[in-house]
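Given chain A, put chains B, C and D in place with the hints provided.
Number of protein chains: 4
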Amino acid sequence: MYPEYILTLSCLDHRGIVLRVSGFLAEHGCNIIDSAQFGDPESKLFFMRVHFALEDDAMSDELLRAGFGSLCEDLGADGALHDAKRKPRVLIMVSKIGHCLNDLLFRYRSGLLPVEIPAIVSNHMDFYQLAASYNIPFHHLPLEAGASESAKLAQEARIIELLDTHRIDLVVLARYMQILSPGLCDALKGRAINIHHSFLPSFKGARPYAQAHRRGVKLIGATAHFVTGDLDEGPIIEQDVERVDHAMSVDQLTAIGRDVESVVLARAVKWFVEHRILLNGDKTVVFS
Amino acid sequence: MYPEYILTLSCLDHRGIVLRVSGFLAEHGCNIIDSAQFGDPESKLFFMRVHFALEDDAMSDELLRAGFGSLCEDLGADGALHDAKRKPRVLIMVSKIGHCLNDLLFRYRSGLLPVEIPAIVSNHMDFYQLAASYNIPFHHLPLEAGASESAKLAQEARIIELLDTHRIDLVVLARYMQILSPGLCDALKGRAINIHHSFLPSFKGARPYAQAHRRGVKLIGATAHFVTGDLDEGPIIEQDVERVDHAMSVDQLTAIGRDVESVVLARAVKWFVEHRILLNGDKTVVFS
Amino acid sequence: MYPEYILTLSCLDHRGIVLRVSGFLAEHGCNIIDSAQFGDPESKLFFMRVHFALEDDAMSDELLRAGFGSLCEDLGADGALHDAKRKPRVLIMVSKIGHCLNDLLFRYRSGLLPVEIPAIVSNHMDFYQLAASYNIPFHHLPLEAGASESAKLAQEARIIELLDTHRIDLVVLARYMQILSPGLCDALKGRAINIHHSFLPSFKGARPYAQAHRRGVKLIGATAHFVTGDLDEGPIIEQDVERVDHAMSVDQLTAIGRDVESVVLARAVKWFVEHRILLNGDKTVVFS
Amino acid sequence: MYPEYILTLSCLDHRGIVLRVSGFLAEHGCNIIDSAQFGDPESKLFFMRVHFALEDDAMSDELLRAGFGSLCEDLGADGALHDAKRKPRVLIMVSKIGHCLNDLLFRYRSGLLPVEIPAIVSNHMDFYQLAASYNIPFHHLPLEAGASESAKLAQEARIIELLDTHRIDLVVLARYMQILSPGLCDALKGRAINIHHSFLPSFKGARPYAQAHRRGVKLIGATAHFVTGDLDEGPIIEQDVERVDHAMSVDQLTAIGRDVESVVLARAVKWFVEHRILLNGDKTVVFS
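Chains as they are written, first to last, in full-length UniProt numbering: chain A, 1 to 288; chain B, 1 to 288; chain C, 1 to 288; chain D, 1 to 288.
Looking at chain A on its own, in the form it has when it is part of the complex (with noise of 0.2 Å):
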């Protein structure tokens, strides 16, 4: 087995972008597995992702990496090169409801999602014997409804710790209940994913399935996105919806719901494991 890559990049749109890259990995000695490009004619911009395999043993990882820097360096682009075999670290983060925790967990213990999870975070204790099960350590890190914004921050301060010293690749917001602090949302642009219990832009804010019974929809939705100062308006990343009927419950609304929570969230990480959700703006591209 040669060792596989995973390169995305995004910069202005111009001719020849493609042999450009595809010039640089054939020097290098790589073969294309899978690609994928996106120029988008309102901003301008083109989008890329190739995975491929280093099939010179001649080339080494720094040599490849050195060349990739500069073609980006000559792209004015913004680029990435993984190794594809790495698993990204990931840091869950939960309150009450654990549906979404769950089925993450279970992903990851079959190995269905590949990433390494160091830790889980949460504002309550209910999922602290879930997370032993899964030999994970469960950091409570209290905060009360309306606590003050130096407790808050306080608590951030202790999140951002185990960020540093985890290394952390990416947060999962899988029903966490607080708002993150602007600082907090800055510094985790494009690496914090949020699933938001409706289908954006509908029914923001709280309690989206009370909100989606009161005005008799007929499908319900959820909306995982990236985390921004912005609640609510981060890009998304994938929606799905289910339907409903004139005779449920908001509690039945919200039963329904949480299948479709689970699976779009665990859409969601999936593919920005694979390196595969890619920044436009306020939207996203994503390679799926």
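Read the hints as simulated data drawn from the structure, not as lab findings. Check each hint, because a few of them may be wrong.
[To be verified] Here are the in silico distance ranges between beta carbons for each label pair:
| no. | chain 1 | residue 1 | chain 2 | residue 2 | range |
| --- | --- | --- | --- | --- | --- |
| 1 | A | 80 | C | 249 | 23 to 29 Å |
| 2 | C | 207 | D | 243 | 25 to 31 Å |
| 3 | D | 151 | C | 43 | 39 to 45 Å |
[To be verified] So, partial list: chain D residues that the calculated Cβ filter (under 7 Å) puts toward chain C:
| no. | residue |
| --- | --- |
| 4 | 201 |
| 5 | 217 |
| 6 | 242 |
| 7 | 246 |
[Unchecked claim] Simulated coverage check for chain D against chain C, where a stretch passes if three residues somewhere in it have a Cβ under 8 Å from a Cβ of chain C:
| no. | stretch |
| --- | --- |
| 8 | 224 to 238 |
| 9 | 273 to 286 |
The C-beta atom is built at its ideal place from N, Cα and C for all residues, glycine as well.
Just chains B, C and D, lined up with the frame of chain A:
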């Protein structure tokens, strides 16, 4: 073949309604073919739809209707008794985008939609020939963007005339791009269906596919709802969605959306025609 | 809170059944909360499910049950009267693939699935710890591929013992990869649900995702059905599908299929537990 | 506006194909608008589709085509170079059920489906007027059920004549209820699309909705596939499903199925017309 009827009723919920209705039917020589009911724990209203056959040759339509009138009075119910074989009379309104019109017309001609369509109304001439190919009178009632209120009311007076002349049961706004006056909305309460080309409550108002594109959603939808004076806020009858991705332009979203709109509107019209839709305040009960 | 019940019945269709049932309920001081019925024009059978509250303090459970027995006798009906609050007792069987088991267990613990699970049976040891983390006894009843018939019957004798000991209402084959003997299938008629990882009747038998991949289908599915002696031919309870494309490997289809399987099986189990599923020959009536 | 092209090619997979193609395009003054590729690890075949603009005024169509011919030769590839603006010429065949025909015609007229339709062929007269309303010549080529082989071949000879006369690129069997002869199937390999009204491989052959009803499935579907001599076994292009329930008759399944058929067939035709479908043995690659 016995004559068949569909009864619908709604009233304050209390014990024994089903018993009363089934007793009434048995006493009048009727056999239940299909029955559905729903008690809303919030509004405390009870809704019922029964499809039945009148199997007693000695029982007349008049007696049955008289008995049903008494039943509704006793129950304090809002009720209706429909001859199941009678085709409701539908007036379709359209502007310059015709896929919903074309879809409804084909269903009508092929017998999938058991209605009479005595008139098509448009503020444009685009579908004059399509109407002609179905032998349906086409009424061109132009109304400029930004027309005065008096011009609008004059145009609507002609629409109202058509509603009366043709004893219209249902008005379908099949991409009719004019806002009806509050007076006409009131007059048509519960018998005018609009198709909005978004998954309401997301993207109300103009150009919803452009709004959806800008927000970067991963599914687009359509909503059939009853027309009310509050634009895009009427009771929702049916919704559906289709998957889209980052590479699609507004035009592509629009093309995909057309198929969703056609199907969603056709379902709503069919359910109306089959007397499956009951109003529950700002929501609908759909016995589908 | 009044005591609540769910009655189900099926009998030859004839005029007046709904009247008889609603009369019986009224006479016994019961108020209908939810009711659904279906008359099959082909089998000439009538099916009914009524959820009701016993609101008369003077009426006892014994009298109600006696009255229901007489009603069923009069109607020639196959009927059942369930205490709506009683949790059905479920035994789950699994082999080496555990996503359905994990999903059911989480729903059970979080209260989404109101059941008792007194035992998990497996022919392998893989989920010993998962069962332990839920405090559910795990019975390892190994059975080799190609075991003799007598070995198989001996293993099944121990399963039957568990069914009796724990007064099991429902057996769920959550990816249990052994074929039950005809005798056990008969004994479990109408109370054992299997999940098959294809959209039946496509891709019966072994390795359905590999079959689906070979055929190049564009959607893959899962089917929950009652277990019968005729493998993969039992009455279908629920099905769903997910989109796939040409670029996906068998492993990817399998991963996507897991989510569909979990949700489809969970729905079927929930409907069973809520007494929503009635057998109609080789088909099911599902009052969902 | 520059002239635009779409190239497709398939060949044995090996390192450097993308580089070769992108080099060819750069050398000929072409800029990639959209590009997709797929390497099948099983068949070891590589597939590619590139949409590009010819931005060099000095480069002629002839030179570009010559260069592409050489490129394909070098790569041992099966390739095609399509003028992106040219509308493919489609012949539609239909019998007595017309929803797919009507749907395609409306998309054609409203510009959603950029094709020419020089002829409609039917073994019945039912859609003579519909064709006339679109100004498309209607060829009534009757063929009785149970016609002799010679009668069939004579009828097909007239079809072949139409294919030649009108230089047809694609034949669409839009519910054409005759089986094509093996000879005609061969002649049309990869350029005739059929809609089958089931989710293949379930319910091959006649009356699939009746088969689905008998089996009690909970979803019904439709499949668009390339026509081959092996009935209902051709490479699948697109499939979709819709939910049904136990209360629906065969007629209701059929009505619901019509909408699925129309949409599935329309997608398949659109993808063909956009040169998005490549054959991979008995399967398709669809760059959607």
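These are the hints, each one checked on the structure:
A hinted range of 23 to 29 Å holds for the C-beta pair residue 80 (chain A) and residue 249 (chain C), which are about 25 Å apart. At about 27 Å, the beta-carbon gap between residue 207 (chain C) and residue 243 (chain D) stays in the expected band of 25 to 31 Å. Separated by about 43 Å at the C-beta atoms, residue 151 (chain D) and residue 43 (chain C) satisfy the suggested range of 39 to 45 Å. Evaluation of the residue 201 (chain D) hint against chain C yields a held restraint, the C-beta minimum of about 5 Å falling below 7 Å.
Satisfaction of the interface hint for residue 217 (chain D) is found here, the shortest Cβ-Cβ separation to chain C being roughly 6 Å, below the 7 Å cut-off. Taking 7 Å as the C-beta cut-off, the interface hint given for residue 242 (chain D) is violated, the closest approach to chain C being about 11 Å. Nearest Cβ of chain C to the Cβ of residue 246 (chain D): about 5 Å, under the 7 Å cut. The hint holds. Requiring three or more residues with a Cβ within less than 8 Å of a Cβ of chain C, the coverage given for the stretch 224 to 238 of chain D holds, as 4 such residues are present.
Taking a C-beta to C-beta cut-off of 8 Å, the stretch 273 to 286 of chain D contributes 6 residues in contact with chain C, enough for the three needed, and the coverage statement holds.
Hint 6 from the list above is the single one not met by this structure.
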